[in-house]
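Student: Residue-level listing of the chains:
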Amino acid sequence: MTETINLGKALNHGLRRALENDPKVVIMGEDVGKLGGVFRITDGLQKDFGEDRVIDTPLAEAGIIGTAVGLAIRGYRPVCEIQFDGFVFPAYNQIVSQVAKMHYRSKGNVRLPIVIRIPFGGGIGAVEHHSESPEAYFAHTPGLKVVTCANPADAYSMIQQAITSDDPIVFFEPKRRYWEKGEVDLAASLDGAYPLHAARVARPGSAATLLAYGPMVKVALDAAAAAAEDGRELEVIDLRSLSPVDYPTIFESVKRTGRAVVVHEAPGNLGLGAELAARITEECFYFLESPVLRVTGYDIPYPAARAEEEYLPDLDRVLDAVDRAFGW
Amino acid sequence: MSRIKEFNLPDLGEGLTEGEILAWLVKVGDTIELNQPIVEVETAKAAVEIPAKWAGVVTKIFHEAGTVVEVGKPIISIDTDPGAGPVADPAPASVASAASEDPEAGLIGGPAPGGRTAVLVGYGPRTTSAKRRPRSGTATPATNASTATPPAAAAGIPAAPPAMASQDTAAPVRPAPAPVVATIGGPVLAKPPVRKLARDLGVDLATLIGTGPSGSVTRDDVQKAVAQAAAEPDLTAAPALNGAAEAGSREQRIPIKGVRKLTAANMVASAFTAPHVTEFLTVDVTRTVKTLEKLRGRPEFAEQKISPLLLVAKAVLLAIKRYPMVNSTWSGETGEIIVKEYVNLGIAAATERGLIVPNIKDAGRLALPELATALNDLIRTARSGKTPPSDMAGGTFSITNVGVYGVDTGTPILPPGESAILALGAIRPTPWVHNGKIKIRQVTTLGLSFDHRIIDGELGSKFLRDVGAFLSDPKTAMLTWG
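Quick note, the sequences are listed as chains X and V, same order.
Read in order, the letters of the first sequence correspond to residues 1 to 328 in my numbering.
Read in order, the letters of the second sequence correspond to residues 1 to 482 in my numbering.
Take every hint as true, because none was put in to throw you off.
Here's a subset of chain X near chain V, in silico, CB distances under 10 Å, partners left out:
id	residue
1	G8
2	F84
3	C284
4	L319
In silico EDC-like pairs for lysine to aspartate or glutamate, Cα to Cα no more than 16 Å straight-line:
id	chain 1	residue 1	chain 2	residue 2
5	X	K24	X	D52
6	V	K196	X	E283
7	V	K131	X	E310
8	V	K131	X	D316
9	V	K27	V	E64
10	V	K361	V	D377
11	X	K34	X	E51
12	V	K131	X	E309
13	V	K196	X	E289
14	V	K475	V	D284
15	X	K255	X	E283
16	V	K196	X	E282
17	V	K131	X	D222
18	V	K196	V	D220
19	X	K107	X	D167
20	V	K131	X	E229
21	V	K53	V	E6
Rather than coming from a laboratory, the hints here were simulated on the basis of the structure.
Using N, Cα and C, we set each Cβ at its ideal position, and we do this for glycine too.
Sequences are here, hints too, so could you generate the full structure?
Tutor: As structure tokens, this is what we get:
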């Protein structure tokens, strides 16, 4: 039952299936019910599953996550939507202090199967607080798992896998890719699904390894296609899981290609790319033909919408970095 | 695409799904301008005037004032090219909309102006595919990239866009790394995999001259070094001699490495490939010494330290002009003798790390004062240990001034790739027959070694004779040959 649907719709199908499969799954967030979410990711779910399972919350992110902690302790599997990336910070305390710590604090007795969905990244011409990439804050916190999808098929399976996980997971959704279409097998069983915390080689290649996740996977794939025209086959790895990171897949690739370029929207300073570069250098030192390079957002607050195309890493910036990697 | 365009009621605020048309500000047949207010619409939050998106003539108004219209439904159509005559295709644009499942224009997820997808907050993501800016080449070396293109672009690393760069708080532009140039005695430049290879093969990187970017040691350099080492006797692995244990305390063991090892390799390579012949000429250089004294008084040489080496170099350069074959290379691989029309004049220099032979590029083109400057710079750089590898590559003829150590002359060994080398001995006051009488004259001995495969005795002798003739009477020689 393969269908061509967009990423947002794939998430909608995934959430629907999770609600169907487990009566303990509840969805909560701002405007997720009647409106169906500002991006319509939860469209139609309240109508079909009722106000007790798809809950419109007050505009209070700390309250959403705090409530979810209580629900999770009592056996529910809350799936919380933070409406926009920049709105997560009121909930940051709850996430870092409670969600991430409970399992450890209780000597492993209390697990919090909470999924926190956050549309993240820019590219939609939005206003302040609506285009941020806060993934490093969460990936830095032990006790949380952080994942992000880059295509409809992964969106469909990963949201379900995240909901079935007993660990708290911050689930970043590449909001500018919500309307990117792809083939999704809506009948596929989760048992055979690609592991949630495994990276995926999105395009095989031998000349250099591009590491990207979420919205930047498309940019990396575009760059690889352009580089192929020049006779340079780039390998693109979609990280998918940002914590834990699937390092073996990355190391295997970089040892083969000898060059790595990390691409992310978040500012470069202490972003995921910094950690990836350090790990790759430690593990693949004798295989590196060039330093690990980063193509990232600038170290500034996310700019006004009219300037965001200057800010966001694009095809050309990635190709420039690849050129530079070959200059060593 | 039809020139008749339909304008749909836009999403005027978060969550707006419908709006009531309060009043039309235009009527059918009106000519309207871009951005001219055309309709007043009341939403849940406010009454707003909606500007025209296109200039043209109003052809149809879909809803009367007082009607509640859903967001995304057409409210007005405009002929954007009214001068072009009757409309051939009156079909409204929205009929030809995309796949059935896609939301209509203006609704969330539907098409939005500027090739975007409509969203509640923001202009919406672009639906157009990524375009590529024209590129000059693909494999740009780092050193070229840093000069040929703006640093930020070449570097591919974050640098603030121009608008941001002027702000103090903005991230500073990170320049591309300055090209590092390897220097003798400095740290060795090499990529990690090359370092690993060198370590695995037991090659000391410090002994190699890098040929890669910025003078870095490449894989090839390491592999060549291994091949060369295999051809040499392995001195370090020689079996211990009897009695070595007792002698041990009174012997100093100096690891063979660095310039010493390189020198050894070059000398062995040269001595066992090029059949050397050495000829000597003792010559009265009194006039050279006097000429030097006069030159020292001239303003052109005011800042320069000048020595007999300067005029020896000049003598060599002039003699090479007369006998170009002396300035050539035996290329066994290609079966050719390569005669060079330029002279990269090598000068042997003793440094703390050992002997090196940097060369003055295209020395034949330099006037005497320039040659003096080049010589002094070359020697100064060599003594400070900062001679770049490029200065040591490509020599075509060399001079070794062993005279400064007080010896009469030597039988120099050719630097690999060169076909002749001149040794200059000490200049001593010597009893000498001058104009039929024995006088005390300044006399030195020249030693010329040459590659006998290329240079016959006759050519070598003539060359040496001319160098000697110059030194015994530089002024006449300059006037004759210079």
